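A.B. asks: Can you make the complete structure from the sequences, with help from the hints?
Below are the chains, spelled out letter by letter.
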Amino acid sequence: MFDSLQDRFGTLFRNLTGKGKISESNVRDAMKEVRTALLEADVHFDVVNQFVSDVTQKALGTEVLASVEPGQQMIKIVYDELCNLMGTAAEDSGSAARIMFVEPGPTIIMMCGLQGSGKTTTCGKLALYLKSKGKNPLLVAADLQRPAAIDQLHTLGQQTEVPVYSERENKNPVQVCRNAVDFAKKNGRDVIILDTAGRLHIDEVLMAELRAVNLQVHPHQIFLVVDAMVGQDAVNSAKAFNQQLELDGVILTKFDSDTRGGAALSVKTITGKPIKFIGVGEKLPDLEEFHPERIAQRMLGMGDILTLVEKAQAEFDETKALKLQEKMAKAQFTLDDFLEQMRTVRKMGPLKQLMGLLPGIGSALKDIELPEAELDKTEAIISSMNRKEREDPDIMDGSRRRRIAKGSGVQVEDVSRLIKGFSAARDMAKKMSGLSMGSRMKMAQAMSSMDMSKLGAGSAGLPSFGGGGQQKQSKLSPEQKRKLRQKRLRGK
Amino acid sequence: MAFDFLKKALTKTTGALAASVDKLKTGLTKTRDVFVGGLKSLLRGRKLDQQLLDELEQRLITSDLGVKATLKIMEDLNAAWHAGKITSGDEVLDFLKAEMKGYWPVETRALKFASSGPTVILVTGINGAGKTTSIAKLGQYLKGQGKTVMVAACDTFRAAAVEQLSIWAQRIDVQIVKHQMGSDPAAVAFDACDAALARNIDVLIVDTAGRLHTQEHLMRELSKIRKVIDKRIPGAPHEVLLVLDATTGQNAIRQAEEFLKAVQVSGIFLAKLDGTAKGGIVIAIRHQLGLPVKFVGIGETPEDIEPFDPEVFVEALFAEEESQPRSP
Ligand SMILES: Nc1nc2c(ncn2[C@@H]2O[C@H](COP(=O)(O)OP(=O)(O)OP(=O)(O)O)[C@@H](O)[C@H]2O)c(=O)[nH]1
Ligand SMILES: Nc1nc2c(ncn2[C@@H]2O[C@H](COP(=O)(O)OP(=O)(O)O)[C@@H](O)[C@H]2O)c(=O)[nH]1
Ligand SMILES: [Mg+2]
Ligand SMILES: [Mg+2]
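Residue numbers (the numbering used here), protein chains in the order written: chain A, 164 to 655; chain B, 133 to 460.
Honestly, the hints are just simulated from the structure, not real lab data.
A quick note: this is a predicted structure, and the numbers were derived from the prediction, not measured.
Hints are supplied without guarantee of correctness; some may be wrong.
To be verified - Below 30 Å or equal to it, Euclidean Cα-Cα: the simulated BS3-like pairs (lysine-lysine) are: (1) 221(A) to 200(B); (2) 359(B) to 446(A); (3) 275(B) to 244(B); (4) 402(A) to 221(A); (5) 298(A) to 436(A); (6) 446(A) to 356(B); (7) 296(A) to 446(A); (8) 334(A) to 348(A); (9) 446(A) to 393(B); (10) 349(A) to 334(A); (11) 195(A) to 204(B); (12) 402(A) to 172(B); (13) 402(A) to 200(B); (14) 279(B) to 363(B); (15) 200(B) to 239(A).
C.D. replies: Next up, the structure:
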């Protein structure tokens, strides 16, 4: 989608470079493309129309910068506006703002939403999150509708080692919640998480029940749990829940799918309430704080390429980069290109960070450790090759390999591994260029099952898009390793 | 007759049936608004003009058909309009009903049964779509047709999934085959096939864990379940149903694509059609992948199931709700 959006923008604005202002008809044509992109991303029809007319106003008369392509500038305007709408900087800063705690406690949090949206799982995730913040949460089983809902919550309670309050014989969720508050007070639990039954927003009886919990138990915060894959109907349900309960925030689940997640914009626009967290997997640690820019990029289908474009421009000669990309696509690129690429890229930030910025690859690679030390070695090896060898690594025989190994102070195996890795990366790069996001994701998954260090630094050839990023780089913690193992195990 | 499912859906969602008389009153208000004096429709009784076509296009988009499918239908309509074949909203309805009946001919909507021995229905879908509940509905429906039914608890992953299915099995009074949580789902499927053969069961319905179509290893796990079933009962599963949540947006196309690849989905169970979502994505899926819809889910009890009827579906697409005034 990004590629096509960018292509189409490119054509639309081609004749415009250096010609002063973006014209009205340019903007209108471009906004037609944006409209389609947003509708395909499941942003609600009315929300799209509003957005398009707002952005059109903003874009009209914008000075065209000499240094940037107007098409990209236009994308940037759209993108900035999306970010703006989805969350302000204040909402986005630090975890303090995610959940508000009251003194004296206990702080009561109520989860609500449609059937199957992910409420119960998110309760478990939140309990774990709160524990890690030094809180003593209590889970409350207030879903008395769905078969085995109480058991489900108890299982999550065991997994998180958080107590669960439930009354198996009681059919009145309002009472259960009230009793749970007393229980929490007596037992020193400082945060209460109420797991309510899923319900349709037009189910008057069940909605009345939620209002009753609200009136009698006074939750300090009410979160609406929304499936990120939801379509146009998101506005109807979000509106009703917000009207009847005055939501404090929204949690989007199942963001580990490949949805474009336009619901985020719909729900935010219709409720005006901040999106607090996103769920990114079925496991309990799979909860992340929400960052508007990531979702905005995803909605436009562009990974984190925007920041890449910005940052890369400082480091990269754009025409050179383009050439390189072409070469990669044709698998013509050489170890020389590779070296240069690697150096430029390393100037801009750690490799893992860069890989994470590629559309569809970020999440698949987030648990993989990339070997920076290997890269040093790689640089040394390539530097010891002569021109011919760099142009065509296939000519590399035993004696050449030995010479290079000696020259760069590494083992012969290291040289062989690099060459093999390079060839693999080159092929991969060729396949990757011109692939859809879904296929890239698959590719990245395939890669993640490879041993990256065996690849040498081969994968460094991929970030032909350049640029730094805002994700923090970190080594795998024991927790992350465990997660990774679990992920693999689940496949058995 | 055609509105039975719609009416039922609306009555159900009010939750009124189970509630006390007081609640019944409030609950029914909505239903009454919609049905007294006939169902309000965006199309009925209106002249076909550009204004109506614009409203129609908007309705198709907000029903999750997506841009492509919407454009295709609008093209067809425009062509028919310009050729003078349709001139009123009612004719538009008839036109679309005919078109949808063409998309989903009767024979494609019926369940396929084994010519002899147990029929196996494998039920798949992403997390929370409504698989387990839909199995209870299917079980009830098939029992109503005089068949003996067994369910297999192959979701061994999600917390309390086995308990959930066990409760349903007990409520609708069918047999269940289950293992420990965390055990191999393919092994459960195999045992269930064995049991179904041994006990002369007519229909075995296999529940599976919800999984995102992007999780390759889990999709492989699903393919394996399918293979194991086929191995034990050659030719099975006879139906592979993909349960789609009617509120799902464009991502449903990706879901259908991947599940189709992994387990050769034979039809869609469109769940949660009792909400305000119209489930229009199945039209886009029909355009792109040719998949039929076989059933719709319209509530949370085992009775809340209806065979899919394209005409009712079209009627519901354009049904107006009191709370959603027609936009100018
Ligand atoms: N209103 C309504 N709710 C439904 C329908 N079908 C299922 N549900 C509800 O949706 C929720 C999820 O349903 P499940 O049957 O557990 O879904 P599942 O796909 O098996 O879920 P996982 O196994 O967790 O992936 C439950 O609360 C069901 O009661 C339907 O047709 N209408
Ligand atoms: N992949 C994925 N699955 C999720 C996520 N959150 C919840 N689920 C799954 O979605 C299904 C429904 O979740 P549940 O918590 O039972 O929903 P509830 O009915 O709203 O309480 C379960 O299969 C969960 O494992 C998520 O962020 N990612
Ligand atoms: Mg629940
Ligand atoms: Mg289930």
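A.B. asks: All hints are to be evaluated individually against the structure, with a verdict given for each.
C.D. replies: Quick rundown of the hints versus the structure:
no.	hint	verdict
1	221(A) to 200(B)	28 Å, holds
2	359(B) to 446(A)	27 Å, holds
3	275(B) to 244(B)	16 Å, holds
4	402(A) to 221(A)	28 Å, holds
5	298(A) to 436(A)	25 Å, holds
6	446(A) to 356(B)	23 Å, holds
7	296(A) to 446(A)	18 Å, holds
8	334(A) to 348(A)	23 Å, holds
9	446(A) to 393(B)	26 Å, holds
10	349(A) to 334(A)	23 Å, holds
11	195(A) to 204(B)	18 Å, holds
12	402(A) to 172(B)	23 Å, holds
13	402(A) to 200(B)	27 Å, holds
14	279(B) to 363(B)	24 Å, holds
15	200(B) to 239(A)	26 Å, holds
Checked against the numbered hints given earlier, the structure satisfies every one of them.
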